[in-house]
Amino acid sequence: MLAILLAFTCSVWGTIVDAALLHEPAVSAADPPNEPPVAGPELLKYTPEQIEKAYEGRRIPEAVSMYLVIARGGQLDGTAGWFHPAASRFSFEWLAGHQKADPQQPLTRDHFMGQERIFEQLDRDHDGSLTGFDLDWSDSNPWVRQSYMVNRIFRRMESDGDGLLTADELNAWFGKLSRDGQPIRFEQFRDALVPPGSGFSPGDMPSKEVLINGFLAGEIGSLQEGPGLNDSAPDFTVRAISGGDTVKLSDRLGKRPLVLVFGNFTCGPFRSMYPTVEAVWNRQKEHADFLFVYVREAHPTDGWAMKSNEKAGVLVSQPRTFEERQLVAEQCVAKLKPSIPFYVDDIADTAGNLWSAMPARLYVIDSQGKVAWKSGRGPFGFKPEEMEQALLMLRLEESGAK
14 MLAILLAFTC SVWGTIVDAA LLHEPAVSAA DPPNEPPVAG PELLKYTPEQ IEKAYEGRRI
74 PEAVSMYLVI ARGGQLDGTA GWFHPAASRF SFEWLAGHQK ADPQQPLTRD HFMGQERIFE
134 QLDRDHDGSL TGFDLDWSDS NPWVRQSYMV NRIFRRMESD GDGLLTADEL NAWFGKLSRD
194 GQPIRFEQFR DALVPPGSGF SPGDMPSKEV LINGFLAGEI GSLQEGPGLN DSAPDFTVRA
254 ISGGDTVKLS DRLGKRPLVL VFGNFTCGPF RSMYPTVEAV WNRQKEHADF LFVYVREAHP
314 TDGWAMKSNE KAGVLVSQPR TFEERQLVAE QCVAKLKPSI PFYVDDIADT AGNLWSAMPA
374 RLYVIDSQGK VAWKSGRGPF GFKPEEMEQA LLMLRLEESG AK
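Per the working numbering, residue 14 is the first one in the sequence shown, and the count goes up by one each step.
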């Protein structure tokens, strides 16, 4: 068994992992790693306890944290420690300092030094004042936790997978649940939207084997960390969806803030939230540049396939060539109709890995080419409204936005 494990390399991500390897560590508890194991096949050689011991006193990388949850039988739950929170240059304390206000007191509209539109976007609860609650997007925030559930409900009603819920879709959903147009009871409504058990829609819940395979393949998250807060933006070159023009990230930096949007067609939560990205773009396009980079599929038919994708007509296998990825990206464009400049990562996932972008992620880069804000890993960390707040505070930092 040890020989089999040692034969794994990053070049064979996506290979089906024998079920026995998922439950039996190849190294006994008496043989802990000499150094913290890196994210990848090496992790399968050790128990979660050995891995945590090896990282004692050090920060556990995001991908290793993901593996530890999977290895212990965890599912895709943003509150289970699977995803690290966003990294931000900004906070309510920062905002209060910028506004010369008391951080222990709400910041009212009358005392806000900036545009009315900026105040309104920062005032998440619309109560006419800014507090730490308005800027708190952590999993411990009750409003954020409820938002996760609302997103699941939204996706069960929104049937065609374009992130826009129509009256026809609502009526069709009600028609399926109701008998002959009769009113529905609370428990019928609840059970249709929140199935008992895991909370996954029927046919979406993954096995441990599927999660391990998706982890090693870089489908449910890149194995790399990506740039950290205030790091210089690592450069990459991506190609336009038409296959012609290329763009180099460094050529887009240094003029004004830049928002990087990473996503893929088969990630249902990404599709459901992308229209919000478009709304942010419409509000902020005069003040910042936006760039969309299409990355590796999260839920291909030959990986963690989801029944909910099948119902939405999203059925694609993992592309093996750039041309295949291009074709899938064209399906994504046809479905989501993005206005943001749209580019496709190469089949080696150069940009996706460099920026730890899979399955979806957002970044705000300042005018000096440094990371001002980095979202948590999608799907739970992909929060366009949090991104917009960071962008607004960056505008305040860089120019006063008076």
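The hints are simulated quantities; they were obtained by calculation from the structure and are not laboratory data.
Check the hints yourself; a few may be wrong.
FRET-style restraints, in silico, Cβ to Cβ [said to hold, decoys possible]:
1) Asp264 to Asp244: 40 to 50 angstroms
2) Arg122 to Glu398: 17 to 27 angstroms
3) Leu190 to Lys298: 32 to 42 angstroms
Quick list of in silico lysine-lysine cross-link-like pairs, DSBU-like style, CA-CA up to 30 angstroms [unchecked claim]:
4) Lys261 to Lys350
5) Lys113 to Lys324
6) Lys324 to Lys350
7) Lys298 to Lys320
Positions of the beta carbon are idealized from the N, C-alpha and C atoms, including for glycine.
Taking the hints in turn, this is what the structure says about them:
no.	hint	result
1	Asp264 to Asp244: 40 to 50 angstroms	violated, 19 angstroms
2	Arg122 to Glu398: 17 to 27 angstroms	holds, 19 angstroms
3	Leu190 to Lys298: 32 to 42 angstroms	holds, 40 angstroms
4	Lys261 to Lys350	holds, 23 angstroms
5	Lys113 to Lys324	violated, 52 angstroms
6	Lys324 to Lys350	holds, 20 angstroms
7	Lys298 to Lys320	violated, 36 angstroms
The structure fails hints 1, 5 and 7 (numbered hints given earlier, in ascending order).
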